[in-house]
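Engineer: These are the residues of each chain, in order.
There are 2 protein chains.
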Amino acid sequence: MPWGRPREERADAARNRAHLIEVARQMVAELGADKVTMDGLAERAGLGKGTVFRRFRTRAGIFHALLDEEEKRFQQRLLSGPPPLGPGAPAAERLVAFGRARLEFLVEHTVLARASLDPAEPVPAGDSPSLFHVQVLLSEARPDLAASGTLALQLVAALEGPILLYLRASDAPEPGSVVHDLIASWQVLVESICP
Amino acid sequence: MPWGRPREERADAARNRAHLIEVARQMVAELGADKVTMDGLAERAGLGKGTVFRRFRTRAGIFHALLDEEEKRFQQRLLSGPPPLGPGAPAAERLVAFGRARLEFLVEHTVLARASLDPAEPVPAGDSPSLFHVQVLLSEARPDLAASGTLALQLVAALEGPILLYLRASDAPEPGSVVHDLIASWQVLVESICP
Chain C
1 MPWGRPREER ADAARNRAHL IEVARQMVAE LGADKVTMDG LAERAGLGKG TVFRRFRTRA
61 GIFHALLDEE EKRFQQRLLS GPPPLGPGAP AAERLVAFGR ARLEFLVEHT VLARASLDPA
121 EPVPAGDSPS LFHVQVLLSE ARPDLAASGT LALQLVAALE GPILLYLRAS DAPEPGSVVH
181 DLIASWQVLV ESICP
Chain Y
1 MPWGRPREER ADAARNRAHL IEVARQMVAE LGADKVTMDG LAERAGLGKG TVFRRFRTRA
61 GIFHALLDEE EKRFQQRLLS GPPPLGPGAP AAERLVAFGR ARLEFLVEHT VLARASLDPA
121 EPVPAGDSPS LFHVQVLLSE ARPDLAASGT LALQLVAALE GPILLYLRAS DAPEPGSVVH
181 DLIASWQVLV ESICP
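Going line by line, the protein sequences match chains C and Y.
Residue numbering for the first sequence follows UniProt numbering, starting at 1 and increasing by one per position.
Residue numbering for the second sequence follows UniProt numbering, starting at 1 and increasing by one per position.
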């Protein structure tokens, strides 16, 4: 079978990926995200540095890939979970529910979400599914707004920015300790815009 | 004079700092921020690597220090410039004017602001002066709000997050090209919360 070899190589690549993700997850749990390096991951996974580099490109890419697995499960709840997070509730209520769920998600995955920040890479936690979701709900709740594309971008930033950016200064409170306030003020924000 | 030496060392440190800032500024202008390294800066400034390391701690710290110089001028406009950015206008109008000025500031200094992002460091552009300013104006415009501390944090994130985080994906528009839309939707946001 002449095409056997490429297919085997693709299967190898998929196995390597799953193996690397699993080893990276163990290393984060045991050592903490700041101790995980490209070289350390290659050594522990028993794979070449080139393989790890081609797979993740940057150190932040490792955390990006780990977070991506969690993101997929989160998106599934928006698409087919029960309302008001899932379909079936008014748009403003779904926006409030989305904010609550997203804040809880980011608090649960703060270490990964921050470690995956890399000035040279797009921000995974602000990826298009979240932005697209807010855009759709916002234009349903406020079809009259002109600059709703940038307003959606600002709302996603209002939701994710405090945990990704501002609550990491050494004198800042732990995100978990202010998540209830963040959920409450997100609701104020949404209900001000979508009365 | 027994205290002569420490005083001289402090003067040396201040001269080194001013010299390093000036050399870093030249390097950013000539080479681009991504080519500026701790080692390169030490070599060009004719100072030891230890001196550069003690001064800036991380590579991002170099850009943090450069941005800090611009931030001081910006804060001065809020404190004593003409209204509505400076004192003398109603709080909601000052918030709208602050957003416009801050967005223009971030677009002008996008390269520095992003280069100073470092997951291990507090975010300079979200530093306490901006947050404090929004907090003061928000509690003046809406003294009835309970969670106004976290709402102020979310508003600062709405203002700065799009340029710092989300408008840097490879397929994102240039911040300069959407700054007018960002200013317009910031105004919608402020006027929704402070009617």
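It cannot be assumed that every hint is accurate.
The list makes no distinction among identical chains, and a pair is therefore deemed to hold if it is satisfied within one copy or across any two copies.
To be verified - With a straight-line cut-off of 25 Å between C-alpha atoms, the simulated DMTMM-like cross-links for lysine to aspartate or glutamate are:
1. K35 / E191
2. K35 / D12
3. K72 / D171
4. K49 / D181
5. K35 / E140
6. K49 / E104
7. K49 / D34
8. K72 / E104
9. K49 / E191
10. K49 / D171
11. K72 / E191
12. K72 / E43
13. K72 / D39
By construction, these hints were calculated from the structure, which means they are not laboratory data.
Engineer: I want to check one pair: K72 and D39. Are their C-alpha atoms no more than 25 Å apart within a copy, between two copies, both, or neither?
Structural biologist: neither (27 Å within a copy, 41 Å between copies)
Engineer: Within a copy, between copies, both or neither: where do K49 and D171 come within 25 Å Cα-Cα?
Structural biologist: neither (37 Å within a copy, 29 Å between copies)
Engineer: Are the CA atoms of K35 and D12 at most 25 Å apart within a copy, between copies, both, or neither?
Structural biologist: neither (27 Å within a copy, 36 Å between copies)
Engineer: 25 Å Cα cut-off: does K49 pair with D181 within a copy, between copies, both or neither?
Structural biologist: neither (44 Å within a copy, 44 Å between copies)
Engineer: Under a CA distance limit of 25 Å, which applies to K49 and E104: within one copy, between copies, both, or neither?
Structural biologist: neither (35 Å within a copy, 43 Å between copies)
Engineer: If the cut is 25 Å between Cα atoms, do K35 and E191 qualify within a copy, between copies, both or neither?
Structural biologist: neither (42 Å within a copy, 45 Å between copies)
Engineer: With identical chains treated as interchangeable, where does the CA-CA distance between K35 and E140 reach 25 Å or less: within a copy, between copies, both, or neither?
Structural biologist: Neither, since 45 Å and 45 Å both go past 25 Å.
Engineer: For K72 vs E191, is the C-alpha pair at or below 25 Å within one copy, between two copies, both, or neither?
Structural biologist: neither (28 Å within a copy, 35 Å between copies)
Engineer: Using 25 Å as the alpha carbon limit, work out where K72 and D171 are close: within a copy, between copies, both or neither.
Structural biologist: between (33 Å within a copy, 21 Å between copies)
Engineer: Is it within a copy, between copies, both, or neither that the alpha carbon of K49 lies no farther than 25 Å from that of D34?
Structural biologist: both (19 Å within a copy, 24 Å between copies)
Engineer: Cα distance capped at 25 Å. Does K72 pair with E43 within a copy, between copies, both, or neither?
Structural biologist: neither (28 Å within a copy, 46 Å between copies)
Engineer: Please work out whether the CA atoms of K72 and E104 approach to 25 Å or closer within one copy, between two copies, in both situations, or in neither?
Structural biologist: Answer is within: at 15 Å inside a copy they meet the 25 Å cutoff, but 36 Å across does not.
Of the numbered hints given earlier, the model fails hints 1, 2, 4, 5, 6, 9, 10, 11, 12 and 13; all others are met.
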